[in-house]
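Protein chains: 4
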Amino acid sequence: MKKLHFSLKYRVCKTLDLAETNDPLSKAFDIFLLGLIFLNIVAVALETVDSLYENYRYFFEAFEGFSVLFFTVEYILRIWSCTVKLHYRHPIWGRVRYIITPLALIDLLAILPFFLPLLSPQLRIGRSLRLLRLFRVLKLNRYTDSLRILGRVLRLKQEELLLSLFVLAVLLAVASTMIYFAEHDAQPEAFSSIPEAMWWGTITLTTVGYGDVYPVTLLGRILGAILAILGIGLFALPAGILASGFSEELQARKAKKKTQPQICPHCGEIINPKE
Amino acid sequence: MKKLHFSLKYRVCKTLDLAETNDPLSKAFDIFLLGLIFLNIVAVALETVDSLYENYRYFFEAFEGFSVLFFTVEYILRIWSCTVKLHYRHPIWGRVRYIITPLALIDLLAILPFFLPLLSPQLRIGRSLRLLRLFRVLKLNRYTDSLRILGRVLRLKQEELLLSLFVLAVLLAVASTMIYFAEHDAQPEAFSSIPEAMWWGTITLTTVGYGDVYPVTLLGRILGAILAILGIGLFALPAGILASGFSEELQARKAKKKTQPQICPHCGEIINPKE
Amino acid sequence: MKKLHFSLKYRVCKTLDLAETNDPLSKAFDIFLLGLIFLNIVAVALETVDSLYENYRYFFEAFEGFSVLFFTVEYILRIWSCTVKLHYRHPIWGRVRYIITPLALIDLLAILPFFLPLLSPQLRIGRSLRLLRLFRVLKLNRYTDSLRILGRVLRLKQEELLLSLFVLAVLLAVASTMIYFAEHDAQPEAFSSIPEAMWWGTITLTTVGYGDVYPVTLLGRILGAILAILGIGLFALPAGILASGFSEELQARKAKKKTQPQICPHCGEIINPKE
Amino acid sequence: MKKLHFSLKYRVCKTLDLAETNDPLSKAFDIFLLGLIFLNIVAVALETVDSLYENYRYFFEAFEGFSVLFFTVEYILRIWSCTVKLHYRHPIWGRVRYIITPLALIDLLAILPFFLPLLSPQLRIGRSLRLLRLFRVLKLNRYTDSLRILGRVLRLKQEELLLSLFVLAVLLAVASTMIYFAEHDAQPEAFSSIPEAMWWGTITLTTVGYGDVYPVTLLGRILGAILAILGIGLFALPAGILASGFSEELQARKAKKKTQPQICPHCGEIINPKE
Numbered sequence: 490m491k492k493l494h495f496s497l498k499y500r501v502c503k504t505l506d507l508a509e510t511n512d513p514l515s516k517a518f519d520i521f522l523l524g525l526i527f528l529n530i531v532a533v534a535l536e537t538v539d540s541l542y543e544n545y546r547y548f549f550e551a552f553e554g555f556s557v558l559f560f561t562v563e564y565i566l567r568i569w570s571c572t573v574k575l576h577y578r579h580p581i582w583g584r585v586r587y588i589i590t591p592l593a594l595i596d597l598l599a600i601l602p603f604f605l606p607l608l609s610p611q612l613r614i615g616r617s618l619r620l621l622r623l624f625r626v627l628k629l630n631r632y633t634d635s636l637r638i639l640g641r642v643l644r645l646k647q648e649e650l651l652l653s654l655f656v657l658a659v660l661l662a663v664a665s666t667m668i669y670f671a672e673h674d675a676q677p678e679a680f681s682s683i684p685e686a687m688w689w690g691t692i693t694l695t696t697v698g699y700g701d702v703y704p705v706t707l708l709g710r711i712l713g714a715i716l717a718i719l720g721i722g723l724f725a726l727p728a729g730i731l732a733s734g735f736s737e738e739l740q741a742r743k744a745k746k747k748t749q750p751q752i753c754p755h756c757g758e759i760i761n762p763k764e
Numbered sequence: 490m491k492k493l494h495f496s497l498k499y500r501v502c503k504t505l506d507l508a509e510t511n512d513p514l515s516k517a518f519d520i521f522l523l524g525l526i527f528l529n530i531v532a533v534a535l536e537t538v539d540s541l542y543e544n545y546r547y548f549f550e551a552f553e554g555f556s557v558l559f560f561t562v563e564y565i566l567r568i569w570s571c572t573v574k575l576h577y578r579h580p581i582w583g584r585v586r587y588i589i590t591p592l593a594l595i596d597l598l599a600i601l602p603f604f605l606p607l608l609s610p611q612l613r614i615g616r617s618l619r620l621l622r623l624f625r626v627l628k629l630n631r632y633t634d635s636l637r638i639l640g641r642v643l644r645l646k647q648e649e650l651l652l653s654l655f656v657l658a659v660l661l662a663v664a665s666t667m668i669y670f671a672e673h674d675a676q677p678e679a680f681s682s683i684p685e686a687m688w689w690g691t692i693t694l695t696t697v698g699y700g701d702v703y704p705v706t707l708l709g710r711i712l713g714a715i716l717a718i719l720g721i722g723l724f725a726l727p728a729g730i731l732a733s734g735f736s737e738e739l740q741a742r743k744a745k746k747k748t749q750p751q752i753c754p755h756c757g758e759i760i761n762p763k764e
Numbered sequence: 490m491k492k493l494h495f496s497l498k499y500r501v502c503k504t505l506d507l508a509e510t511n512d513p514l515s516k517a518f519d520i521f522l523l524g525l526i527f528l529n530i531v532a533v534a535l536e537t538v539d540s541l542y543e544n545y546r547y548f549f550e551a552f553e554g555f556s557v558l559f560f561t562v563e564y565i566l567r568i569w570s571c572t573v574k575l576h577y578r579h580p581i582w583g584r585v586r587y588i589i590t591p592l593a594l595i596d597l598l599a600i601l602p603f604f605l606p607l608l609s610p611q612l613r614i615g616r617s618l619r620l621l622r623l624f625r626v627l628k629l630n631r632y633t634d635s636l637r638i639l640g641r642v643l644r645l646k647q648e649e650l651l652l653s654l655f656v657l658a659v660l661l662a663v664a665s666t667m668i669y670f671a672e673h674d675a676q677p678e679a680f681s682s683i684p685e686a687m688w689w690g691t692i693t694l695t696t697v698g699y700g701d702v703y704p705v706t707l708l709g710r711i712l713g714a715i716l717a718i719l720g721i722g723l724f725a726l727p728a729g730i731l732a733s734g735f736s737e738e739l740q741a742r743k744a745k746k747k748t749q750p751q752i753c754p755h756c757g758e759i760i761n762p763k764e
Numbered sequence: 490m491k492k493l494h495f496s497l498k499y500r501v502c503k504t505l506d507l508a509e510t511n512d513p514l515s516k517a518f519d520i521f522l523l524g525l526i527f528l529n530i531v532a533v534a535l536e537t538v539d540s541l542y543e544n545y546r547y548f549f550e551a552f553e554g555f556s557v558l559f560f561t562v563e564y565i566l567r568i569w570s571c572t573v574k575l576h577y578r579h580p581i582w583g584r585v586r587y588i589i590t591p592l593a594l595i596d597l598l599a600i601l602p603f604f605l606p607l608l609s610p611q612l613r614i615g616r617s618l619r620l621l622r623l624f625r626v627l628k629l630n631r632y633t634d635s636l637r638i639l640g641r642v643l644r645l646k647q648e649e650l651l652l653s654l655f656v657l658a659v660l661l662a663v664a665s666t667m668i669y670f671a672e673h674d675a676q677p678e679a680f681s682s683i684p685e686a687m688w689w690g691t692i693t694l695t696t697v698g699y700g701d702v703y704p705v706t707l708l709g710r711i712l713g714a715i716l717a718i719l720g721i722g723l724f725a726l727p728a729g730i731l732a733s734g735f736s737e738e739l740q741a742r743k744a745k746k747k748t749q750p751q752i753c754p755h756c757g758e759i760i761n762p763k764e
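Residue numbers (my numbering), protein chains in the order written: chain R, 490 to 764; chain V, 490 to 764; chain W, 490 to 764; chain S, 490 to 764.
Check each hint, because a few of them may be wrong.
Unchecked claim - Some chain R residues close to chain W (C-beta under 8 Å, calculated; not the full set):
no., residue
1, T693
2, T696
3, I721
Derived from the structure by calculation, the hints contain no laboratory data. Just so you know, these numbers come straight off a predicted model, no measurement behind them. Using N, Cα and C, we set each Cβ at its ideal position, and we do this for glycine too.
Given the sequences, and given the hints that come with them, work out the whole structure.
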């Protein structure tokens, strides 16, 4: 009986987890969940289109209800079945340890915006709360290493990135003060203060150049031209640092493929232990 | 007689194909065809200039008629003569196999917009159909490896590109939702919904910055500045990945020059077979 | 007595200098000074926001008074205690040598804008002088190698940078003259002279593209398109040069960790001299 | 006598040529000529500023007269003295050979705009001709290898650059046709024809983004977003190719320092001949 229970739990855990090469049920579940997350993000975006929301309100609400139900069941099953994993073996502390992992917290965050108003009616602040559902995008994290790789690259190149950000910040502060001097009298609206001038500075340094504010005096234009030229040179730094960090990280990942200790699906004993 | 027929077919096939170093007739044909394709693309563009089309209508139509006639004859000759090639030797299945190759399908696509209205008069939807002639640009594919190299680079760097596109998509979704929050009340027109905000997000992330929509609130500007700075760093990733992929591919191409089995131009037997 | 005096001076000097690993007092001082510099820069920026300055005028003035007092005491203590360092040992010439070091000059520059109006009342030109306090950002130099690294990279890649700046300048001069020819008649306001056209040229070459001036004639648009395409190719040069220079410099720094001769904190004799 | 004449000619030639390390007269001449060329370019630009030209007309004309006189004397002296060089030794054919070198043609081009109206009064088309003086910037070529290095880089990376330009051209043609379809009805003014749409396409692909034309329909915006994203990836190609070409070329230059055969300054015989 105990073995049967373990076997079922093991099956559930494997199905919920990222599919291995030869597990069609788990693969189908993965694809379904990925699709559901994607549709949820699309729904969050489309709900803000008034004409769509008014006409298809019931559809949006039904889809939201189904999604929350599904994600809640998934969350409960994950907590129930996590004990088959070596690291979360203990029925109580193992589950507590699992609940506070980043991936499990994201799963909780994905259903929380629906249950919060039920707990306290004052929290029902309408559509704004619904936008929090966007955090469901983080559930994608389980299926991709993208954000984890990005995080590791940021840590790896921390020193260089901080250094170039510092140079950029000093350049921005100096340039904004100078342009404020040069343009304040000619355009008291657009360059009304140094923090306002920093908006212009950032948009010029990044070469976005909306054109909502731009210098008109001779001195301001010379400053703007110098800033634009410097900006390209200096903004290439973080870009280049990130790019080289990514390629280093991706190459390092291809090199190492660790083997981890596993649990037998039939008896729950440790297979392949670290000797 | 059979040999003469084969010899003629071989001559036609060689003339239509990309010229080898010492074949002046084939080279002249290549240059003529390249010029004709180029003029066709120019004609498609110029026809949309009303003043030109009204004054030179007959010239445009005559040129279109000549082009279609030429491309049709070329297409028929290619199908007739393809059997001299080892791969398409069989008179029926060889030709069927040839017709479904990408290059032959492009040749068909280049003349189809002209013949479609003849088959069914309802399809004559005027100038719009004419624009489909732009697909003739794909005929250039025969004379350049550009698109094939691009395709191989995309396959080679598939993993990295998907990874960085995913990070970008998540960043865009999160940034657009946040800016919608920040700017919706101040600019209900420009940031009327999240999909609308995504237009702003894309144009800012790519540093194009048309200036048709831009944040005006303090929170929106801070978000915009962060997005612009992140955008430069993250958009450098696919650019860098593509650039390194291209240089790897071009170096690999210089290294390998494969020899392929050929057919004798006189008797149709295989010369230089794989042993 | 002399030893006690030296010991106190040594303690002051060590506290003012960048903290070593096991000196909590010096570390606390560093953090306090860094915070004060940062707040000063923020104050300079916020003072230009009229609504804030009018309401919190006394707060801004009190903060400025405190900052100047603190920086002045710091400056005097640094000059007094610098003699414990080997290089500035002589009580008079050592201090003069210290005063003319870049870091000490920056410290002087940071307090000068406050004392200048006291020396000569005519110099009290109001808020403008206050903006000079922005130079306090340079005091950060003591805590970071950023600007020194930037300087060394610029020297290292001097030749390549000058070369690409020269190509850019020639391109800008030629393009501005040509666009002046092409657009002067159509837009006599926007392209009133070649120096005016250079503003357009710089903003296009750097891909900022505010949209305040843009070509409208056919010839002007063709020139603008060519310039934009060339600009991307050529502007990538200084960016790439700077990026590779930075990575070279940062790698070189990791390699070398020089040991310098020091003075004993108790007797003032040289420890660890160069043999 | 002959020796004295040769010696003077040799002295003139050496003074006009780029200064060697220990020749103060030649160095002074180089600096004067560089300054004069620079001032000429500034004068061409400033003359188009109406307020300056009206007030300082005589100054501009005097400066132009002096410059032409100086450049003419320099040109005549160069032709007279070029025979001391091994390659242009023959008094007639040597000089003819020298006149048709690129550098000598540029020297001629720099003074021609002044003398042309004297030859034929109808050519006096006023200020427009004056702008041709901008070509004097090419005289800088003698003092820098920039443009020659650029030329060699373009030749070295010819294949890759053409390939990426072809991909860009196809992308631009396809995108402009599609945006014309999508936006023509909504904005018949801005997207009146495909060539008009190409202006939008180029400004978007290069991420300049003036904001004079931008898509407003849903389909147009989706196309615009895709084009902007693709543009960054593909435009990075030529930039990366050029950057790597430059660094290769600059490294190759540092490696080789060729020694060339010279002529004795006293007797005119060849020193250090190729054996």
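Numbers of unmet hints, in rising order: none
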